[in-house]
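Novice: Sequence:
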Amino acid sequence: MKTAVASDPTSVRVSSYVEYLPAIFQEEPFVGQFLLAFEQILTGLQPRDPSAPAPEQPGLEEYVDRLYTYMAPGQASSDKNVAPEEFLPWLASWVALSLRDDWSTDFKRRLISSMISLYRQRGTKAGLKKLLGLYTQEKVEIDEFDEVPYYFQVKLTLTDLDDLRKKETIARALIDREKPAHTFYNLLFRISTMQINNTYYWPEEVKRDDWSGKGVTGLRVGWNTILGTENTPGL
0 MKTAVASDPT
10 SVRVSSYVEY
20 LPAIFQEEPF
30 VGQFLLAFEQ
40 ILTGLQPRDP
50 SAPAPEQPGL
60 EEYVDRLYTY
70 MAPGQASSDK
80 NVAPEEFLPW
90 LASWVALSLR
100 DDWSTDFKRR
110 LISSMISLYR
120 QRGTKAGLKK
130 LLGLYTQEKV
140 EIDEFDEVPY
150 YFQVKLTLTD
160 LDDLRKKETI
170 ARALIDREKP
180 AHTFYNLLFR
190 ISTMQINNTY
200 YWPEEVKRDD
210 WSGKGVTGLR
220 VGWNTILGTE
230 NTPGL
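In numbering that gives the first Met the number 0, the protein residues as written are 0 to 234.
In case anyone wonders, no lab produced these hints; they're calculated from the structure.
Every residue, glycine too, gets a C-beta built ideally from N, C-alpha and C.
Careful: at least some of the hints might be erroneous.
Below, a list of computed lysine-lysine pairs in the DSS-like style, where the Cα atoms sit at most 27 Å apart [as the list claims (entries may be wrong)]: (1) K138 to K107; (2) K165 to K129; (3) K154 to K107; (4) K138 to K128; (5) K166 to K128; (6) K124 to K166; (7) K165 to K138; (8) K107 to K166; (9) K154 to K166; (10) K107 to K178.
Here are the in silico distance ranges between beta carbons for each label pair [as the list claims (entries may be wrong)]: (11) R121 to I190: 20 to 30 Å; (12) A95 to Y149: 23 to 33 Å; (13) Y16 to R176: 47 to 57 Å; (14) V94 to Y16: 39 to 49 Å; (15) D142 to V94: 21 to 31 Å; (16) D161 to A125: 22 to 32 Å.
Could you put the whole structure together from the sequences, leaning on the hints where they help?
Specialist: Right, here's the structure in full:
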């Protein structure tokens, strides 16, 4: 006779491992409770209440089931099937990459994932553009000038102005790391100008329920409106 775990949350919980014991041992409640510790370590125990949070410490079997995720740096920490943050330096060492402490975790993941392809373009305009794009997640422009040999200009678009000085420091470090040694550059930032309204409004002839992309964005100085004066005839 096997001991079953009662569905009553107030009942004494016993380990499922008792099912593998001889029947005489299954009759003793203490054995089932004693084996809970081993089940927690080896297999992992889920809460009896489905709405309760999962244990912070998974069992060894759960670790093995997720072992493949340790090889996947991923693109963002929000993805559950990626390596933990503390494992990223080890993954980076496999692609000969040194991680800076001031890099965000998500940027580290994106860079590790793309490092092999970046090596093939290292020292080129395309490679530098891709690298800076991975960092800013925004538009990157690199211009070269025939009039000034070995000089190039980098334009980065920033929509988030938080820690602007830090972002500039990181961007310059990335450029210095990747550019050919004999070249020099200038770094410019394209920053969103004053924004009056960032919502959508619907013209009277367009029903809100039938928007279909016909809404018009709010006013943005330097984008779809300007500040200034205009001489109108007759006024």
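Novice: Does each hint fit the structure? Answer for all of them.
Specialist: Hints, one by one, checked against the model:
1. K138 to K107: holds (19 Å)
2. K165 to K129: Between K165 and K129 the Cα gap is close to 20 Å, so the pair holds against 27 Å.
3. K154 to K107: holds (22 Å)
4. K138 to K128: Answer holds: K138 to K128 is near 9 Å, not above 27 Å.
5. K166 to K128: holds (16 Å)
6. K124 to K166: Holds. K124 to K166 sits at ~20 Å (cutoff 27 Å).
7. K165 to K138: Holds, because 19 Å separates the two Cα atoms, which is no more than 27 Å.
8. K107 to K166: It holds: about 14 Å lies between the C-alpha atoms, which stays within 27 Å.
9. K154 to K166: holds (13 Å)
10. K107 to K178: The given pair, whose Cα atoms are some 20 Å apart, holds under the 27 Å limit.
11. R121 to I190: 20 to 30 Å: 29 Å Cβ-Cβ, so the 20 to 30 Å window holds.
12. A95 to Y149: 23 to 33 Å: For Y149 against A95, whose Cβ atoms are near 27 Å apart, the range 23 to 33 Å holds.
13. Y16 to R176: 47 to 57 Å: holds (54 Å)
14. V94 to Y16: 39 to 49 Å: Hint holds: Cβ distance 42 Å, inside 39 to 49 Å.
15. D142 to V94: 21 to 31 Å: holds (30 Å)
16. D161 to A125: 22 to 32 Å: holds (29 Å)
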